[in-house]
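Engineer: Sequence:
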Amino acid sequence: SFLFVLILDTQHIKGCLSGDKGWFRSLFVHKVDARKDAHSNLLSKKETSNLYKIQFHNVKPECLEAYNSLEAEVQNRLHQDQEYPCEVVGSWNTWYGEQDQAVHLWRYRGGYPALTECLTKLNNNKEYLEFRKERAKMLISRRNQLLLEFSFWNEPLPRAGPCIYEMRTYHLKPGTMIEWGNHWARAIKYRQENNEAVGGFFSQIGDLYVVHHLWAYKSLQSRDETRNSAWLKEGWDSTVYYTVPLIRSMESRIMIPTKSSPLQ
1 SFLFVLILDT QHIKGCLSGD KGWFRSLFVH KVDARKDAHS NLLSKKETSN LYKIQFHNVK
61 PECLEAYNSL EAEVQNRLHQ DQEYPCEVVG SWNTWYGEQD QAVHLWRYRG GYPALTECLT
121 KLNNNKEYLE FRKERAKMLI SRRNQLLLEF SFWNEPLPRA GPCIYEMRTY HLKPGTMIEW
181 GNHWARAIKY RQENNEAVGG FFSQIGDLYV VHHLWAYKSL QSRDETRNSA WLKEGWDSTV
241 YYTVPLIRSM ESRIMIPTKS SPLQ
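Position one of the sequence shown corresponds to residue 1 (this note's numbering), numbered consecutively onward.
If you're looking for bench data, these hints aren't it; they were derived computationally from the structure.
Incorrect hints may have been included.
Said to hold, decoys possible - Simulated restraints on C-beta separations:
{"hint": "1", "residue 1": "I256", "residue 2": "T226", "range": "26 to 32 Å"}
{"hint": "2", "residue 1": "E193", "residue 2": "Q55", "range": "30 to 36 Å"}
{"hint": "3", "residue 1": "A66", "residue 2": "N124", "range": "39 to 45 Å"}
{"hint": "4", "residue 1": "N58", "residue 2": "L119", "range": "18 to 24 Å"}
{"hint": "5", "residue 1": "K121", "residue 2": "V240", "range": "41 to 47 Å"}
{"hint": "6", "residue 1": "G97", "residue 2": "K218", "range": "15 to 21 Å"}
{"hint": "7", "residue 1": "Q80", "residue 2": "K173", "range": "38 to 44 Å"}
{"hint": "8", "residue 1": "L70", "residue 2": "E193", "range": "37 to 43 Å"}
{"hint": "9", "residue 1": "S249", "residue 2": "C63", "range": "25 to 31 Å"}
{"hint": "10", "residue 1": "S222", "residue 2": "Y242", "range": "24 to 30 Å"}
{"hint": "11", "residue 1": "R248", "residue 2": "E193", "range": "26 to 32 Å"}
{"hint": "12", "residue 1": "L70", "residue 2": "H171", "range": "27 to 33 Å"}
{"hint": "13", "residue 1": "E117", "residue 2": "S69", "range": "41 to 47 Å"}
We put the beta carbon where it would ideally sit given N, CA and C, even for glycine.
All chains should be built: construct the whole structure from the sequences, respecting the hints.
Structural biologist: Below, the structure is given as structure tokens:
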């Protein structure tokens, strides 16, 4: 009878499930291959141990000029002092995007030990502590992230300019960073003809699964022409097609370098 057959089948299924290698269990149990390394180690440069910090400072509108002057003075001192294992890569004011905002990108040569050494020395520097008190009077809010650079991007180096800079920030779906890196490792070749690619970073501490791509252009018109020309190259459309589903949200800032910024 049907009932008898059903009982036999159920007993057979239970018997299969009781074994570690049962065929029924294999249909539903997903086995995850063990990883041998962290995603950040697979994506970042092996030949350097650079750690980056990006700062976003929202400044009181009436204080922006004074803030830029004060920040430049302190950056120059740290830049010239060999006792501090840090250097400013670039400083900007946001032109299009969040207004009255300053963005600073720092490099720590030596990774986390260099960051710790620098912070320890600064916390014992009376002049720097006074600077922070004065700066705090000018700020509405501030936040930062610690970043690593993608292995396939250029290391950001000083440039003469004059340029405008675009920072495109992508908030990815958790677990998709490796896939993003695989696609962009091939795609970056489509965006280097005009020397516009400055640097590419992903977050380690702060908001996670965040990517920052930094581009330089001569003007907004140059930006438009450069981006449009990428679509004429075979393969660029595939990059966009496969990476868009990985994104939760994205943001574009157009930024103007400050007078003291190494990236002009």
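Engineer: With reference to the structure, classify each hint as holding or not holding.
Structural biologist: Here is what the structure says about each hint:
1. I256 with T226: 26 to 32 Å: 18 Å, violated
2. E193 with Q55: 30 to 36 Å: Holds, at about 31 Å.
3. A66 with N124: 39 to 45 Å: The hint (39 to 45 Å, Cβ to Cβ) is violated, given that A66 and N124 are roughly 26 Å apart.
4. N58 with L119: 18 to 24 Å: 22 Å, holds
5. K121 with V240: 41 to 47 Å: 45 Å, holds
6. G97 with K218: 15 to 21 Å: Taking Cβ atoms as reference, G97 and K218 lie about 19 Å apart, which means the hint holds.
7. Q80 with K173: 38 to 44 Å: 43 Å, holds
8. L70 with E193: 37 to 43 Å: 39 Å, holds
9. S249 with C63: 25 to 31 Å: 30 Å, holds
10. S222 with Y242: 24 to 30 Å: 27 Å, holds
11. R248 with E193: 26 to 32 Å: Holds, at about 30 Å.
12. L70 with H171: 27 to 33 Å: 31 Å, holds
13. E117 with S69: 41 to 47 Å: Violated - the Cβ-Cβ distance for E117 and S69, about 28 Å, lies outside 41 to 47 Å.
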